[in-house]
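Next come the chains, spelled out residue by residue.
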Amino acid sequence: MNQEQKCEVPCGIYTYEHHCRMGVDIHEIFVKKSRLRVVLSYIGIVFLLVNVSQPLLAKESLSLGSVWNITFAVLVAKCFQYKPVKKESVVIMPAFGVQVEIHFWSGRVDRRFVPIGKILKPLINECVTPVTCYWSLTLLLRDEEELLLVFQKSRPPVKMLVPVWKALCTLTNSEHLGPSIVDEPNSSEE
Amino acid sequence: MVSDFFFPNFGGVESHIYYLSQCLLKLGHKVVVMTHAYGNRSGVRYVTNGLKVYYVPWRPFLMQNTLPTLFLTLPIVRTIIIREKISVVHGHQAFSTLCHEALMHARTMGYKVVFTDHSLYGFADAGSIHMNKVLQFTLADIDQAICVSHTSKENTVLRSGIAPEKVFMVPNAVDTAMFTPSPKRLSCDEIVIVVISRLVYRKGADLLVEVIPEVCRLFPKVRFIIGGDGPKRVRLEEMREKFSLQDRVEMLGAVPHAQVRSRLISGHIFLNSSLTEAFCIAILEAASCGLLTVSTRVGGVPEVLPDDMIVLAEPAPEDMVRAVKKAIDMIPGIDPQVMHLRMKKLYSWDDVAKRTEIVYDRAMQSSTTNLLDRLPRYLTCGSWAGKLFCIVMIINYLLWRLLEFLQPAEDIEVVPDIGPLHAQIQRDDLCEAQENQI
Chain Y
1 MNQEQKCEVP
11 CGIYTYEHHC
21 RMGVDIHEIF
31 VKKSRLRVVL
41 SYIGIVFLLV
51 NVSQPLLAKE
61 SLSLGSVWNI
71 TFAVLVAKCF
81 QYKPVKKESV
91 VIMPAFGVQV
101 EIHFWSGRVD
111 RRFVPIGKIL
121 KPLINECVTP
131 VTCYWSLTLL
141 LRDEEELLLV
151 FQKSRPPVKM
161 LVPVWKALCT
171 LTNSEHLGPS
181 IVDEPNSSEE
Chain G
1001 MVSDFFFPNF
1011 GGVESHIYYL
1021 SQCLLKLGHK
1031 VVVMTHAYGN
1041 RSGVRYVTNG
1051 LKVYYVPWRP
1061 FLMQNTLPTL
1071 FLTLPIVRTI
1081 IIREKISVVH
1091 GHQAFSTLCH
1101 EALMHARTMG
1111 YKVVFTDHSL
1121 YGFADAGSIH
1131 MNKVLQFTLA
1141 DIDQAICVSH
1151 TSKENTVLRS
1161 GIAPEKVFMV
1171 PNAVDTAMFT
1181 PSPKRLSCDE
1191 IVIVVISRLV
1201 YRKGADLLVE
1211 VIPEVCRLFP
1221 KVRFIIGGDG
1231 PKRVRLEEMR
1241 EKFSLQDRVE
1251 MLGAVPHAQV
1261 RSRLISGHIF
1271 LNSSLTEAFC
1281 IAILEAASCG
1291 LLTVSTRVGG
1301 VPEVLPDDMI
1311 VLAEPAPEDM
1321 VRAVKKAIDM
1331 IPGIDPQVMH
1341 LRMKKLYSWD
1351 DVAKRTEIVY
1361 DRAMQSSTTN
1371 LLDRLPRYLT
1381 CGSWAGKLFC
1391 IVMIINYLLW
1401 RLLEFLQPAE
1411 DIEVVPDIGP
1421 LHAQIQRDDL
1431 CEAQENQI
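Line by line, the protein sequences give chains Y and G.
Using my numbering, read the first sequence as starting at 1 and increasing by one per residue.
Using my numbering, read the second sequence as starting at 1001 and increasing by one per residue.
Quick caveat, the hints were computed from the structure, so don't treat them as lab data.
Please read these numbers as outputs of a predicted model, since none were measured by experiment.
None of the hints are false.
Straight-line Cα separation of at most 25 Å, SDA-like style, residue types lysine to any residue; simulated pairs:
#1 Y/K159 <-> G/I1412
#2 G/K1052 <-> Y/V131
#3 Y/K32 <-> G/L1403
#4 G/K1085 <-> G/L1027
#5 Y/K78 <-> G/L1072
#6 G/K1052 <-> Y/E126
All chains should be built: construct the whole structure from the sequences, respecting the hints.
This is the structure we're talking about:
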């Protein structure tokens, strides 16, 4: 039996879907491809090719100026590089663990499985950068100093994170209510 | 509250922001503090009573100040103000670059701004001239300003050219619950004089080098306890060696704030030799612990304590020694408990918060003006500086408009109000609160 819920946010680039299939809880967030960024990435690649091929076609030896040009072109191409994410999903397998997946438009899939015993607590965290502040869903893991970001590439709005967080809380609570385990205060906060 | 100076750094400005924020939270207001990151302390932290602190990952570059970038802090300041639904931005300390930039951005975005000046500054040296110009820029378009003493108000008005009617005087206070006198009264057989301050030129460490040997010579029953550290500590150590005062002058080194009270209550007299002070919270702490204060008559110090709690002297060794003699004669008549109870009535952070609330109300009532009406205020800052300031504000305005186009305010998620944190918050209630908010 599949259950599907969609939630659209005002910016319209994220779509949230929730499935339950054979006891496994799947939460997916789809990301729309940004055409502007695709164009910019092509511009970056063309700029790099032009800067690399110019000294070759001119049959000149590499001067300091051309080295700087190539270095600058590499930086620009790297800046504009765009590896679009198709969707990020969280697969919750009760009594087993959580699998975090990133699906790229290129077809590549990155997966990471976290056993249930490793998860101390799921958190909705506020991340502060030098230019912005946003919400993120993270997992606090036992015996690890760093938090695990659930949605690593995309920044979905918090109203999409809340149902995923609730589902993860249900998973960790059911695990803690099972065997008599005392929560260890293993916080990565300083 | 915006400032480069907040905990874990410790000082007068930091504790002012902290205590004021706590009392404003008690009055039912929402308070958020913004400062720069301290080492690994970066991101959002919640301190006592749910006071939220944003440690923005901008590294300090000079004397705990963020690198001045003029416009690069606009995105993060805008994001924090929108997501926290801020109505008044309160900046602290003229020396804080983050404060000036945040006030500029808040003003550009149409928010009410208040500024508190905590220190006195000069007029003649190059550093003061530049800082006064920056202060002129910030205060040219401020809604209200606060100073911690009348002397400080006079100093700020002269430095910045702001209208005196816009400046309120709200003094600092002291946590009298933390600074209590010793339950047992000290014997007067031996008089102990306590000095706790940073050992720097500005705090009169050079004066101490002259005063201490003379006092020890004139009064054989007096000994000194000196707490604090700094570049002038070497001079004090040399003084101890030169006059063989090792058994009469005890050097403690840096004293953590949590231990200040225990050091104060071991003395009868608190000696403050500062060359300049806008207010001086240290003498409040000493008086709250029941010590008689001897201080230099500088800045706002004469306004802080009643005449029977403080002996003032000119910042000259002879006058300081005379004042110490007068204080020693007064010691038998001093009751620390009575002094502490008087301090409780004279100073409290709750009173400071209520007075600051009045300033906020006045700021909220000031009219909202657009950019074209505000620009002439900057032209009065100087023939060249005025035009430069206008250009800076115009660029800031255009950048703000660009940010509004690239990231509209509606796309910035508002943080749900969960009120002061308690020991246990029901998770389901929190989720429901978030869903209802969204």
